[in-house]
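From just these sequences and the hints, can you work out the full model?
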Amino acid sequence: MRKITQLAFFLALIFAFKTDGGNLPKLKLKTIKGNTIDISTLGTGKKPVILSFWSTHCAPCLRELKAINEVYEDWQDETGVTLYAISVDDQSSVSKVKPLVKRFGWNYEVLLDTSGDLKRAMNVTNPPFLFIIQNGKIVYKHTGYTTGSEEDVYDKLIALTK
Amino acid sequence: MRKLQLLLAFLSIISLQAQDFGHFSGGFVSNAQWYQDDTKTNSVAPQDQFRANNYFNLNYNYKEFSVGLQYESYQPNALLGYSPDFKGDGIATYFLNYKAHDLDITAGYFYEQYGSGMLLRTWEDKQLGVNNAIKGIRVKFDATDFLNLSAFFGQQRKGFELSQGTLQGANLDFDIANIAKLDMALNFGLSYVGRYQEHSNPNPAFPDTVNAFSTRLDFAKGDFDGKIELVSKGADARVVSGTIFNNKFYKGKGLLFELGFNKYKYGITTTFRRVENLNMYTDRLAYGNAYGALTVNSILALTKQHDFSLPNIYVYQAQSGLSFLEEKAGEIGFQVDAYYNINGGYNLALNYSKWNGLDATFDNVNETYKTNGFAFGEKYFSDLNVEVDKKFNKKIRASLGYINLFYNKGKIEGGHGTVKASVITSEVNLKLAKKKSARFELQHLSSKDDKKNWVAGTVEYNFNRKFSMYLNDMYNYGNDDTTKQIHYYNVGAVYAKGATRFALGYGRQRGGLVCVGGVCRFVPESTGLSMSITTTF
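Quick note, the sequences are listed as chains B and E, same order.
According to this note's numbering, the stretch in the first sequence is residues 9 to 170, in order.
According to this note's numbering, the stretch in the second sequence is residues 842 to 1378, in order.
Bear in mind the hints are in silico, worked out from the structure with no lab data behind them.
Ideal Cβ positions, reconstructed from N, Cα and C, are used throughout, including at glycine.
Just so you know, not all the hints are guaranteed correct.
[Unchecked claim] Output of the computed footprint for chain B on chain E, the stretches with three or more beta carbons under 8 Å from beta carbons of chain B: (1) 876-885; (2) 958-970; (3) 1096-1107; (4) 1285-1291; (5) 1297-1310.
[Claimed, not checked] Residues from chain B that keep clear of chain E, each with C-beta distances beyond 10 Å, as calculated: (6) Gly-42; (7) Thr-52; (8) Val-57; (9) Cys-66; (10) Lys-74; (11) Trp-83; (12) Glu-86; (13) Phe-137; (14) Lys-170.
[To be verified] Between beta-carbon pairs, the in silico distance windows are: (15) E/Asp-879 <-> B/Thr-49: 48 to 56 Å; (16) E/Asp-1064 <-> B/Thr-49: 22 to 30 Å; (17) B/Val-147 <-> E/Leu-990: 49 to 57 Å; (18) B/Val-147 <-> E/Lys-1236: 39 to 47 Å.
Here it is, written out as structure tokens:
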């Protein structure tokens, strides 16, 4: 019982503070092109940025990124969004990331989080996990993917950029 | 518990002082199971039928500082198949980090990886029950925009305790393309890891310190990219099931080579790897433990990872260790990935891998062995995967796959026997009206070996974006023993909203290896009700 009250106090303490709208961690990741990007510099302006955590062997992740890819140009035109696809593939599959991106013709910025540092820093348990960032704050989070749920992301983007 | 209270007090003080500043974030994961007896599978529920693995993360950032902790609770015991080191509850990891300009300092628990991880990789996987974070100090320094340095020392986590041995390491990454103003990516890396562990061995040559090094080079230009990595490990004592052999000490080495050429229309990537006696542990006595505890490096299988259930029955695990008993000194092999986009929207992908033991001879009397360079020894595994994917229209997307595999069960799992099997997989995704969708899977595995034929299927129906239900079944209909012709069925529901996911299911878990990302864990057969909650805030 003591433990439960302690835990309740603990949780109350956290929720007493605004946990939404956090900043992005200061972490540098490599892109598949070999460049380095500082995560904390993403989505600092009014134009929204999507961070989508995925891996080459996560079937729903691939379905989501394929589905978004088909409407990505429209999304970019209408909302100015940029999608950063963050691969959490480890050494056993990281070599498959670049071929897969080319094979599906994705125009996303693809980042490699091979050691899982960003995944941990953003408390992502399992991919697919999608964040929308605007004005340097996290404004939307979504876990999992079911066919068609990219439309909800689109609705959110439209609402954010009205 | 007192630690938690202290930390709470500490956090409250920070947060009170930093009213409008700073930011909390975190997450909660709970995987619970209520085990039941099952007369069909002969699995008996443990005495404490209800078990749960719970993880609670809390991070707080304020300007250049961040603090965080992970509280873990295994009540009353961890789920079946997890290491018994995970028992009870407490703060398992915590850290204090300072990050400014070019400096990044961490005190407490941290995760680190050098290169591909063949030399050093500490990581966490809650599903596998692996967490070998290092507790100590780490400093990273970006000296210039083309030179990054880092170093650490510490002990490794084992359950709620720490390793007896200590680790130290240093890493250098040098961006050659940047300094030489090349129109391509070209990086050079150099790393060192050392382990120190006291001993009371009478042999004066017995090593307390084992040093290991790696060098690597990677490049990318246009449609080409590639990398090479070399690892060498100093001599260490041989340990078999906790028994130390103190006459001879053995060095280890590894070589990884990769080359790819990929365009939109077609592409090919090949990886070659040879590893010999490369397993490294913070505690020499932990050598070969079943739970992957205290591992310094990680050498994962370079094969295709499957998300279908049947090909996951026979999954290769890298054989990087030395065993006189099993006459294994390491592995050598390659993997090829190729794809071709055929006109009409068909997407064809091909994967082939082949992994053999090193060609080695063992002298048990003198406790020596000799490997024959790059020669391939006994075959451990091979698989050929062909996959076609096509989107027919806005509503239908389908894929078809064929796998032909060879699995040397004796060498991979221990014991005897090899398995040849072919698997056919198919999947259809349907988009229905009004935010509804459905997914169907059908698979068949045919084999004349081991447990023979299997068939499996899945039906998933998404009532809306938040709520879905599923039913899946794996049926070992070909088993020679008719009492083992069992349906491993699972039925369940998932509710996901925002960053929270809640799942409830009931069914049977197949016993054997359960693999995540090329790492496998042995789980006993079990039946019961499972619940899982994940959330982040």
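Against the structure, the hints come out as follows:
no., hint, verdict
1, 876-885, "violated (count 0)"
2, 958-970, "holds (count 6)"
3, 1096-1107, "holds (count 5)"
4, 1285-1291, "violated (count 0)"
5, 1297-1310, "holds (count 3)"
6, Gly-42, "violated (3 Å)"
7, Thr-52, "holds (16 Å)"
8, Val-57, "holds (17 Å)"
9, Cys-66, "violated (7 Å)"
10, Lys-74, "violated (8 Å)"
11, Trp-83, "holds (17 Å)"
12, Glu-86, "holds (19 Å)"
13, Phe-137, "violated (8 Å)"
14, Lys-170, "holds (21 Å)"
15, E/Asp-879 <-> B/Thr-49: 48 to 56 Å, "holds (54 Å)"
16, E/Asp-1064 <-> B/Thr-49: 22 to 30 Å, "holds (28 Å)"
17, B/Val-147 <-> E/Leu-990: 49 to 57 Å, "violated (36 Å)"
18, B/Val-147 <-> E/Lys-1236: 39 to 47 Å, "violated (31 Å)"
Hints 1, 4, 6, 9, 10, 13, 17, 18 from the earlier list are contradicted by this structure; the remaining hints agree with it.
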